[in-house]
Amino acid sequence: MAKVILKNIYKVYPGNVAAVKDVNLNIEDKEFVVLVGPSGCGKSTTLRMIAGLEEITSGELYIGDRLCNDVAPKDRDIAMVFQNYALYPHMTVYENMAFGLKLRKTPKNEIDRKVREAAKILDIEHLLDRKPKALSGGQRQRVALGRAIVREPKVFLMDEPLSNLDAKLRVQMRTEILKLHRRLNTTFIYVTHDQTEAMTMGTRIVVMKDGVVQQVDTPKNIYENPANVFVAGFIGSPQMNFISSIITKEGNRLYVKIGGQKLPVPIDKAKVLEEKGYVNKEVIFGIRPENMDDNSDFLNKYSESTINAKVEVMENMGSETYLYLLFEGNSIIARVEPTSNAKIDHTVKLAVDMNRMHIFDKDTEEAVI
Amino acid sequence: MKGSKLKVNLILMVLLILAIAFLAPILIVLMNSFKGKFFISDTPFLLPNSKTFAGLSNYVNGLIKTGFIQAFGWSLFITVSSVVVIVLFTSMTAWYITRVKSKLTKSIYYLFAFSMIVPFQMVMFTMTKVANVLHLDNPFGIIIIYLGFAAGLSVFMFAGFVKSIPLEIEEAAVIDGCSPIQTFFMVVFPILKPTAITVAILNTMWIWNDYLLPYLLIGNEYKTIPIAIQYLRGGYGSIDMGAMMAMLVLAIIPIIVFYFTCQKYIIKGVIAGAIKG
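The listed protein sequences derive, respectively, from chains A and B.
Read left to right, the first sequence gives residues 1 to 369 (the UniProt record's numbering).
Read left to right, the second sequence gives residues 1 to 277 (the UniProt record's numbering).
Any given hint might turn out to be false.
[Unchecked claim] The calculated EDC-like cross-link candidates involving lysine to aspartate or glutamate, where the alpha carbons are at most 20 angstroms apart (straight line), are:
(1) A:271 - A:290
(2) A:105 - A:123
(3) A:310 - A:337
(4) A:21 - A:54
(5) B:101 - A:363
(6) A:209 - A:70
(7) A:168 - A:152
(8) A:102 - B:171
(9) A:257 - A:363
(10) A:349 - A:268
(11) A:349 - A:320
(12) A:74 - A:54
(13) A:262 - A:250
(14) A:133 - B:168
(15) A:249 - A:268
(16) B:101 - A:54
(17) A:131 - B:168
(18) A:3 - A:70
(19) A:154 - B:171
(20) A:74 - B:171
(21) A:257 - A:194
(22) A:276 - A:363
(23) A:105 - A:75
(24) A:7 - A:60
(25) B:193 - A:95
(26) A:362 - A:328
(27) A:74 - B:168
Bear in mind the hints are in silico, worked out from the structure with no lab data behind them.
Kindly generate the complete structure, drawing on both the sequences and the hints.
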């Protein structure tokens with residue numbers, strides 16, 4: 001159990017390739033922090049620097065209260081779970097789990113107790129005598145978790161641990177890891193490129209891109225108040241619609257003007273836009289698919305803000321329907337009720353919940369409201 | 001269908017003839033080792049009969065004349081020590097040059113690969129001279145020279161296999177608390193076992209049978225089996241053929257037994273390196 005603090009961490013590879021740039025994180029004790037981002041964004045490198053598998057080019061890393069830049073991985077009191085499990089193929093499950101303790105010269109009976117306890121938690125007691133190659137993917141991942149648990153580390157590091165599992169097992173293991181976190185009450189740092197995993201598992205999410213931290217916040221805040229276009233687009237599925245538009249003022253009200261159609265900006269948001277001087281300026285208008293709908297309740301509720309768009313493709317997911325629309329030359333997606341009467345190639349009238357709209361600066365792509 | 005069956009039979013025939021051709025010399029040696037020495041050159045291809053059968057006299061004769069037991073000891077010592085040294089050092093080398101990527105390790109790797117194509121005969125005289133200067137011309141020094149000659153192929157084979165081991169396994173070992181030496185001996189080497197066995201078998205076979213190198217370096221004082229047998233050639237072309245045949249049989253037996261007990265690992269090791277390279 002420990003805090004992990006990253007101060008101005010850089011990772012620069014030979015040839016002046018910066019993989020991680022100026023990362024500052026303050027991970028509280030017992031937190032479940034998820035690092036998320038597309039491949040090559042530096043999330044794994046950051047994790048590997050915390051683990052000590054990569055050298056830190058500059059900056060300071062604290063685990064607990066100890067400066068750990070030059071501490072060997074084994075002395076950092078961390079455990080890591082890898083994407084491809086990284087089990088020792090020549091050892092049985094028991095030996096795999098006991099290996100770290102054996103190296104630390106833990107008494108035999110204590111090793112035995114810890115291994116059996118961890119095996120019980122993970123429900124792999126019956127597999128202890130098997131070799132990794134005789135296990136299924138899910139079982140191997142449990143063993144990898146077990147190997148981490150028995151060490152009772154201060155910090156758990158997980159590098160895309162579920163990516164090699166099939167979809168169903170992934171969902172199952174996701175909840176198992178969450179249960180484990182609750183049970184062990186330890187700091188978890190988890191790397192994934194899957195925004196669903198990030199949203200469902202993290203107490204806080206760190207979104208990264210090109211080695212730079214874009215936003216650090218709770219899943220809810222990241223979803224509702226993304227800091228920039230990248231975060232807004234990365235978190236959420238289907239992703240947020242981005243439409244370039246102009247803020248116009250008619251009378252006292254501000255409107256988002258997209259082609260020939262316009263949507264009124266709610267008063268509180270309008271005030272901010274006006275203060276920041278975005279009137280008559282080009283901006284990026286963002287709206288999530290679920291904040292547009294064509295059912296009558298929604299249309300009645302937001303009768304002021306409606307748009308007309310042509311349906312190009314419909315995807316019926318069972319519990320919901322995705323409409324792929326052409327709206328003033330922009331392709332957008334709306335998530336509507338499966339009972340929607342929208343038809344392909346027909347124009348549909350959708351209401352937009354403008355309280356949930358986002359405006360991003362056209363140049364910096366930073367969120368304005 | 002009929003055509004292909006004919007083809008299969010034809011190939012089978014050719015292979016059968018080849019197999020007989022390869023096995024025949026061993027069989028002839030075995031047959032003649034039981035014949036009286038004067039009958040060997042007369043009827044080399046006939047089975048021993050009541051007239052030509054000499055019992056075990058060739059064996060007894062050979063053992064006495066050649067000092068076979070001592071030669072066996074030297075052969076065993078040199079082969080086993082060399083193979084242990086080869087497996088140990090080349091596996092470590094291969095691990096290092098595969099995992100530590102730099103221009104230096106890359107060129108070392110290519111140097112090893114290149115050394116495979118240099119024939120022994122090309123370097124044997126200069127090598128012998130160098131070995132004399134460095135005092136490697138004894139049963140202990142020759143182990144180092146065998147290491148040198150075997151390093152090319154062995155490093156090449158180990159390196160191919162090391163590449164297929166996921167790096168994460170070693171990283172997990174580091175986090176679990178292994179030092180580099182522990183990582184190698186407790187994690188990497190056990191995974192390399194199939195390749196290690198293959199390397200051991202291949203090297204055992206040629207070092208056990210090797211004639212030229214021990215002859216050039218230590219042949220006068222320490223006779224290995226192939227050299228000891230050669231000493232059955234007396235002066236003026238007189239050869240005790242019977243004893244020679246008998247000793248050849250004794251020399252072949254250990255390596256055949258060794259081969260048959262280990263052969264399944266050879267295939268395993270060769271394939272293991274080949275699939276993922």
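Quick rundown of the hints versus the structure:
1. A:271 - A:290: Violated, at roughly 25 angstroms.
2. A:105 - A:123: The given pair, whose Cα atoms are some 26 angstroms apart, is violated under the 20 angstroms limit.
3. A:310 - A:337: holds, 17 angstroms
4. A:21 - A:54: holds, 14 angstroms
5. B:101 - A:363: Judged against 20 angstroms, a Cα distance of about 42 angstroms means the pair is violated.
6. A:209 - A:70: With Cα atoms ~26 angstroms apart, residue 209 of chain A and residue 70 of chain A exceed 20 angstroms; violated.
7. A:168 - A:152: violated, 29 angstroms
8. A:102 - B:171: holds, 17 angstroms
9. A:257 - A:363: holds, 18 angstroms
10. A:349 - A:268: violated, 26 angstroms
11. A:349 - A:320: holds, 17 angstroms
12. A:74 - A:54: holds, 13 angstroms
13. A:262 - A:250: Between residue 262 of chain A and residue 250 of chain A the Cα gap is close to 11 angstroms, so the pair holds against 20 angstroms.
14. A:133 - B:168: Judged against 20 angstroms, a Cα distance of about 16 angstroms means the pair holds.
15. A:249 - A:268: Measuring from Cα to Cα gives roughly 15 angstroms; hence the hint holds.
16. B:101 - A:54: Since the Cα atoms of residue 101 of chain B and residue 54 of chain A sit roughly 15 angstroms apart, the hinted pair holds (cutoff 20 angstroms).
17. A:131 - B:168: holds, 18 angstroms
18. A:3 - A:70: Distance ~18 angstroms between residue 3 of chain A and residue 70 of chain A Cα, so the pair holds.
19. A:154 - B:171: holds, 18 angstroms
20. A:74 - B:171: holds, 10 angstroms
21. A:257 - A:194: Violated - the C-alpha atoms of residue 194 of chain A and residue 257 of chain A are around 34 angstroms apart, more than 20 angstroms.
22. A:276 - A:363: Within the cut-off at roughly 14 angstroms; holds.
23. A:105 - A:75: holds, 14 angstroms
24. A:7 - A:60: OK: residue 7 of chain A and residue 60 of chain A at ~5 angstroms, within 20 angstroms.
25. B:193 - A:95: OK: residue 193 of chain B and residue 95 of chain A at ~18 angstroms, within 20 angstroms.
26. A:362 - A:328: Judged against 20 angstroms, a Cα distance of about 18 angstroms means the pair holds.
27. A:74 - B:168: Judged against 20 angstroms, a Cα distance of about 15 angstroms means the pair holds.
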